[in-house]
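J.: Work out the full structure: start from the sequences and follow the hints.
Protein sequences appear in the order of chains A and B.
Just so we're aligned, residue 1 is where the first sequence starts under our numbering, counting upward by one.
Just so we're aligned, residue 1001 is where the second sequence starts under our numbering, counting upward by one.
Keep in mind the hints are simulated off the structure, nothing from the lab.
Please read all numbers here as calculations on a predicted model, not as lab measurements.
Note that CB positions come from ideal geometry on N, CA and C, so glycine has one too.
Mixed in with the good hints there might be a few duds.
Stated by the list, open to error - To give an idea of the chain A side of the interface with chain B (calculated C-beta under 10 Å), a few residues:
1) 100
2) 104
3) 109
4) 110
5) 165
Unchecked claim - The following label-pair restraints were derived from C-beta to C-beta distances:
6) A/16 x B/1215: 51 to 57 Å
7) B/1178 x A/251: 55 to 61 Å
8) B/1181 x A/251: 55 to 61 Å
9) A/207 x B/1114: 46 to 52 Å
10) A/110 x B/1194: 44 to 50 Å
Protein chains: 2
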Amino acid sequence: MQILTTAAGLQAHTESARQAGRRIGLVPTMGALHAGHLQLVQAARAECDEVIATIFVNPTQFNNAEDFRLYPRVPDADAVLLAPAGCTALFAPSVEEMYPQPTVLRFDFGDLERVMEGAHRPGHFNGVATVVSKLFHLARPHRAYFGQKDWQQVAVVRQLVADLSFDLEIVARPTIREADGLAMSSRNRRLDAPARAAAPLLYQVLTAAAEQVQQGLSPLQVQAQAEAALAAEPLLTPEYFAVADAQTLQPLAAYVPGRAVVLCLAAHLGGVRLIDNVVVER
Amino acid sequence: MQILTTAAGLQAHTESARQAGRRIGLVPTMGALHAGHLQLVQAARAECDEVIATIFVNPTQFNNAEDFRLYPRVPDADAVLLAPAGCTALFAPSVEEMYPQPTVLRFDFGDLERVMEGAHRPGHFNGVATVVSKLFHLARPHRAYFGQKDWQQVAVVRQLVADLSFDLEIVARPTIREADGLAMSSRNRRLDAPARAAAPLLYQVLTAAAEQVQQGLSPLQVQAQAEAALAAEPLLTPEYFAVADAQTLQPLAAYVPGRAVVLCLAAHLGGVRLIDNVVVER
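T.: The following block contains the structure:
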């Protein structure tokens, strides 16, 4: 596995891979890798000749400086995991390498980012779209792999690709969970023992709500019961619980036959902000 | 010269050119070609193996539906001019081909678009950045050629390329003028005889103002005298005259030693909106 740290180095690498007719898979990450990331690498390995993983804790997508500072960084442990999973090149640039000058342009994704993460983390999806565009231009992937735990991020990146005619395919892979249901997340490392013990509640609330959606309970009732269940846990401060159209991400007043529903939540647990979601096909 | 009308067709063409190690030059135009466009094609021909010209009257960059409707369209005459100038492929897509779905994302370039064209044509540079991003992704150019008559557009496109790390070089070429100084523009075709006779005033005012800048007359005085000279022509309705930093495009209260100045204007002449500019090195 090659390790690249400069934009020019990555561009030279991917230009020659493209010229050789090799198919490139890109797995953009912020490091502190877990099984959720590794399945993305494995999927890319199965479908592409070249698998480029990137590790870059992107400052422009953090609306909270403390969250950025505390985001786990374990580059050596990450590098050890990537090669066995099938990664052929790791791109791990510095902030200065990715942002030699301050960025001027701003993205706005309209209604798609007026809800959930976009509403609670101002500027978050501008930062995501900026760094993803940069990585697409440096890595020239045929396919790029993202985890469905960041459901809204996948929707925004799909919109970016469609609206700017990026010539690549977005592949979204299901959330990987711990045995007790907690969605794998780099931020889980920051949970202390009591917070970790309480954390499975998030997925329990989501699965109970999904059953209620299947049973036809109204979106408002589902949301109210989920919020009550989250509020019952003293360690946990819920930020939002949304019953939304899985594609438009807009909150639902009523279900629309044939359209999937996504249940999304964010909550603070012992100083750590966690998100999770489940999709309900109807 | 190959003529391509589909995005997939252009992508296939440029993918194989890239694989063959051929350098690609892109000349994006809205058609109704004149010598200003053809010098871009010739410059691309001199520097690249493959020269792709695009002709697409992009609806998303028109803030005025009438202006879009009346924009000259002469595809057959354009095609005849391109091959002798060195164009190897012409991409002339339909609106539906470029915008299969309505675009959701919006670009904002901050101060760069709060002045001049951006201020007077709301949404203009969002449309420009969108279509230019699409064309870059379809044509995968090593170099893209733009005319300096659209000085602010060049600045916005350079910002786009820097901020999203597009792997290409922007080449800007000087404005080509008629013998009487009128900047070549596709819109000149729409001038009737009296308007055409009055039109050289625009460049006369710019050159007089440039001399005053060289002589050290203050930006405010230069602007006031230029506005007075434009107002003296009854056929002409000035929209703006700006004395600005050539790089940031922000209006100047005073000159900054070593920084170039750009003088930009827009005016309506017999129902046609024309722009022009000159740069003053100091």
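J.: Now tell me if each hint is right for this structure.
T.: We went through each hint and held it up to the structure:
1. 100: 8 Å, holds
2. 104: Check passed: Cβ of residue 104 of chain A comes within 5 Å of chain B, closer than 10 Å.
3. 109: Result: holds, 5 Å to nearest chain B Cβ.
4. 110: 5 Å, holds
5. 165: Holds. Min distance 4 Å.
6. A/16 x B/1215: 51 to 57 Å: 54 Å, holds
7. B/1178 x A/251: 55 to 61 Å: Since the Cβ atoms of residue 1178 of chain B and residue 251 of chain A sit about 58 Å apart, the hinted range of 55 to 61 Å holds.
8. B/1181 x A/251: 55 to 61 Å: 59 Å, holds
9. A/207 x B/1114: 46 to 52 Å: Given about 49 Å between the Cβ atoms, the range holds.
10. A/110 x B/1194: 44 to 50 Å: 45 Å, holds
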